[in-house]
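Construct all of the structure, not just a fragment, from the sequences and the given hints.
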Amino acid sequence: MDTVFGVKYDGGVVIAADQGNARSILMYQRNLDKVVPLSSHSAVGVSGPNADLVNFSEYIQKNIALYELSNDGMKLSTHAQANFMRGELAAALRRGPYQVNVLLGGYDESTESSSLYFLDYLASLQKVNYGCQGYASSFCLSIMDRDWKEGLTEDEAVAIVEHCMQELHTRFLIAQPNFIIKVIDKDGVKTSKFGADPADT
Amino acid sequence: NDRLFVGLGGLATDVQTVDQLLKFRQNLYELREERQMSPKVFSNVLSNLLYEKRFGPYFIEPVVAGLDENNKPFLSGMDLIGAPVYTDDFVVTGTATGNMYGMCETLYKPDMEPEELFETLSQALLASVDRDALSGWGAVVHVITKDGVTSRELKGRQD
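Chain order of the listed sequences is U and D. So the first sequence is residues 1 to 201, counted in my numbering. So the second sequence is residues 1 to 159, counted in my numbering.
Keep in mind the hints are simulated off the structure, nothing from the lab. Computed from a prediction, not measured in an experiment: that's the story for all the values here. All residues carry an ideal CB built from backbone N, CA and C; glycine is no exception. There may be inaccurate statements among the hints.
Stated by the list, open to error - Beta-carbon label-pair distances, calculated as ranges:
(1) D/Y29 - U/A80: 49 to 57 Å
(2) D/V149 - U/P97: 33 to 41 Å
(3) U/Q99 - D/G136: 22 to 30 Å
(4) U/D10 - D/L134: 32 to 40 Å
(5) D/V149 - U/H79: 20 to 28 Å
(6) D/T95 - U/E112: 22 to 30 Å
(7) D/N1 - U/Q29: 50 to 58 Å
(8) U/S142 - D/G138: 51 to 59 Å
(9) U/I174 - D/N1: 47 to 55 Å
(10) D/K40 - U/M27: 54 to 62 Å
(11) U/G96 - D/L134: 40 to 48 Å
(12) U/H79 - D/D159: 25 to 33 Å
(13) U/H79 - D/R25: 19 to 27 Å
(14) D/E119 - U/L66: 37 to 45 Å
Said to hold, decoys possible - Heads up, simulated EDC-like pairs for lysine to aspartate or glutamate below, C-alpha to C-alpha not over 20 Å straight-line:
(15) D/K155 - U/D145
(16) D/K40 - D/E69
(17) D/K40 - D/D88
(18) D/K72 - D/D2
(19) U/K127 - U/D185
(20) D/K40 - D/E52
(21) D/K146 - D/E113
(22) U/K127 - D/D19
(23) U/K186 - U/E112
(24) D/K53 - U/E88
(25) D/K23 - U/E88
Structure (structure tokens):
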């Protein structure tokens, strides 16, 4: 039921996710932040049951922080973070899989480029220019196929994301009134827009 | 390496995992033995790797192709638990095996030149994949000879 999607542009990545936390017929929360920052210049949009979502993302986040602390502040590249996540998911797959589908986006200062990685719960990793997880893919992938091109600006990328959100509002059965949009570029991870403030308790 | 190719078809996550495991085993072998792994040995390693997971297998159906030390071609195919089949004509795996067997059986003849081999393989692949709902979106063909590898991308029906 969660929708997460992301678009890569020249110089950064935009990741958007809905803010609902629901189970069965009950909506627990409408201001959940599902785009979790993993490091100063990367964030992962996670979708799945709340337990796995929080557990897995925090586990990865803390391990990446540990790496930076243990290795004298050396930052893991987005590629390395993605492969680390894939390894953890693959190892858990045959034990007790995490049912999380993620989109990892990051900006690498060393190469001055951004990247977006699609990683599903079976640990299939793919570097992509744009991606969706969940039901969103049925609606939004074709919009992105059409609108995405090489050399987008941040505003154009956000426009694509908003186009997708509008499509979901119109045609998706489940009402998802709140979306959070985060932008990752050379200045780090910043929240561009949210439907409901995650900080409200 | 450039005389040994393995094709891994099946579940994407297992393709990636097995690819990484094979690289690991190959690197370790080459460091210890100080020589390159021959296709026969590689095929055996892969077979064992898969059978280790007999009751919880990797969902892949690999094909190993390469040139051994005497530049003789080597082919082997395997099922998901590592049962190998060694042939000298052709091996096929995947969702379009029925189509591919038919195409290969009719089009194959022994001792083809690289150009002819490429044509034959491409025709067989394209015809089978275009008819199969679950395969498609293009293909890559590598022709391995003692002088090197030629890789070409084919464009089929994009559906």
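Subject >> Hints that the structure is at odds with (numbers, increasing) >> reply: 1, 6, 8, 11 and 14
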